[in-house]
Each structure stands twice: as C-alpha cells, then as structure tokens.
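Q: Sequence:
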Amino acid sequence: MSSASELRSGKTHRDENFPVASWIIHPRHRALILAFYNFVRTADDIADHASLGERQKLNFLDLLEAELLGQGDSQPEAVNLRRALAERSMPPRHALDVLIAFRMDVTKLRYENWDELIHYCRYSAMPVGRFMLDVHGESTSTWAASDALCAGLQINNHLQDCGSDYKNLNRVYLPRDALTLAGASVEALGHGRASPELLRCLHLLAARTQALLEESKSLSAEVKDFRLGLEISVIQAFADGIVRLLKVRDPLSERVHLGPIELLAYSLNGIASEIGRRAVGRRHVSKPAADA
Numbered sequence: 197m198s199s200a201s202e203l204r205s206g207k208t209h210r211d212e213n214f215p216v217a218s219w220i221i222h223p224r225h226r227a228l229i230l231a232f233y234n235f236v237r238t239a240d241d242i243a244d245h246a247s248l249g250e251r252q253k254l255n256f257l258d259l260l261e262a263e264l265l266g267q268g269d270s271q272p273e274a275v276n277l278r279r280a281l282a283e284r285s286m287p288p289r290h291a292l293d294v295l296i297a298f299r300m301d302v303t304k305l306r307y308e309n310w311d312e313l314i315h316y317c318r319y320s321a322m323p324v325g326r327f328m329l330d331v332h333g334e335s336t337s338t339w340a341a342s343d344a345l346c347a348g349l350q351i352n353n354h355l356q357d358c359g360s361d362y363k364n365l366n367r368v369y370l371p372r373d374a375l376t377l378a379g380a381s382v383e384a385l386g387h388g389r390a391s392p393e394l395l396r397c398l399h400l401l402a403a404r405t406q407a408l409l410e411e412s413k414s415l416s417a418e419v420k421d422f423r424l425g426l427e428i429s430v431i432q433a434f435a436d437g438i439v440r441l442l443k444v445r446d447p448l449s450e451r452v453h454l455g456p457i458e459l460l461a462y463s464l465n466g467i468a469s470e471i472g473r474r475a476v477g478r479r480h481v482s483k484p485a486a487d488a
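In the numbering used here, the protein residues as written are 197 to 488.
I should point out that these hints are in silico values taken from the structure, not numbers from a laboratory.
Even glycine gets a Cβ: it sits at the ideal position worked out from N, Cα and C.
A hint or two may mislead.
What the hints assert, rightly or not - BS3-like, lysine-lysine: derived pairs with alpha carbons at most 27 Å apart:
1) LYS363 - LYS304
2) LYS363 - LYS443
3) LYS413 - LYS443
Said to hold, decoys possible - Derived Cβ-Cβ restraints for the label pairs, each shown as a range:
4) LYS363 - GLU312: 33 to 43 Å
5) ARG289 - ARG440: 28 to 38 Å
6) PRO392 - PRO223: 23 to 33 Å
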C-alpha cells in the first residue's frame, strides 16, 4: 500500500462535530481549508487504523510530513496542502503540529492528568483554530481564546467517544487521576453502561470542559472577519450544546451528539447572536461620532 489515501476511513468534513469550510466562510478560503482538513483527516485515519502496526502508522505519518515539506509527490493530501499553502505564502507549521498529536495517538494510550490532556490538545486541536485565524489574517492575540475553544471541542469528542476509543483502540483520554478520584476503573469503559463511579468522573470532566469553553466566549468578538465571527459563534453554540449533554448523560448508553434539528437550531442561534452583537458594537462605535 503506497498511498495514505487508501487508508482513509471514509469520514468527511460533513461528519465532524463542527462546521468545516461551511457556506459561512468566504469562498476564497474554502479550497485551502479543505486541503488542510483532508491532510489532517488522512493522518487521523492512519493513527486510528485497526490493521496497521505502530511502525507502519509512524512511517505513513513521516511520509506525509516529508511530502508536505516538499520531499516527494506520492501522497495527494500532502501535495495538495503544500501547494495550497504556497499559493498563500503560508508556512506548514500548524499541519506539522497536528502530526505530533497523531504520533502521540500511536504511541501514548493513557494520560495521567488534565495538564497532559491539555498538552495533547495543544497539538491535536489548537493548531486547527490557529490555522483558521491565520487563513483570515487575524492577530495572534486571538490564539488564547481560540485555543480554549479548540481544546473544549477536542475534550467533548473524547468524552463522547470514550467507550469506542477504549474498546477499539485501547486508548483512554480520561486522565488517570480523575478516574482514581471518582473511584472508577479504566475497564468500566468497556461496558454497555457507565458505572456510577465512571459516570461521576465523566460528568466532572464535562463540567471542567464547560469552564474551558467559557474562556473562549470572547473569540468571536476578537476576530475582525465577519464571516469567521459567524462561524465561530456557530461552533461555540455546538460545543456548548454538546457539553450540556455530557454533563447529564451517559456516553456509553445514551445519545451525546446533536441531532439535525438541534444542529440547525444552534446554527441559527449562533448566527443571530453574532449578527446582533456586531450590530450593537457598530452602534456603540458610531454614536460618539454622530453626537459630535
């Protein structure tokens, strides 16, 4: 097997917990965003592949990195992203950071504490938000709020998929100390329903994730691009909706994903909220001039 493309799971940008290059984003940015997504999706599928060994996975990830940096043209996702970035004179640093996370997925199956989990998010999720901000020419001062949102989205996903990650990949993102504090065992993730101890752990982690998401609430106001602000508000609404489910439900036995109607409602609410906020902001800015 010579191409990483052959290892793709079939999952696309339409299957994510958040919009990717949606109609909200200006068309001039979509090709680059989708090239970045396809590169990341391919690397993610390699790291999660059921039939590849550790060395094979790492070799494929190394190959993607090498071709992203111009050393070969056999991997379409790497070549397409390399060319798309070159057209905008953008460095590949965010894609390289994400590859660090996927190597961690291959070699690190347990996390000791919250700080280790956030360190993982620094490479698995935060570079995605930083990439989006760079694409839109936003200031690096927006990175702190973006990092909080992206980490919250990532941990939401870990909590949603905690059972399948353990059963299919023997991978546990729930920190060991959180499990120990709640009196829960890792093996409980293999059951069809969470034990009271595991459920307590999951709900406490969801509450901590909700607090993290609160730190990101300033992001849409910090970005200058109107369309990006709308997209961020929608993503924030999705993240908030998911974490509310995770605070009260059992991800091993209950639905903790947003349904189509909920996604539509949260999208409309996020868009309306951001339009309203920006309209109020413009009035506040223009009022002194009118009074003068």
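Q: Each of the hints needs a verdict: does it hold here or not?
A: Checked hints:
| no. | hint | result |
| --- | --- | --- |
| 1 | LYS363 - LYS304 | holds, 16 Å |
| 2 | LYS363 - LYS443 | holds, 22 Å |
| 3 | LYS413 - LYS443 | holds, 19 Å |
| 4 | LYS363 - GLU312: 33 to 43 Å | violated, 22 Å |
| 5 | ARG289 - ARG440: 28 to 38 Å | holds, 34 Å |
| 6 | PRO392 - PRO223: 23 to 33 Å | violated, 50 Å |
Hint check: violations occur at hints 4 and 6; the rest are consistent with the structure.
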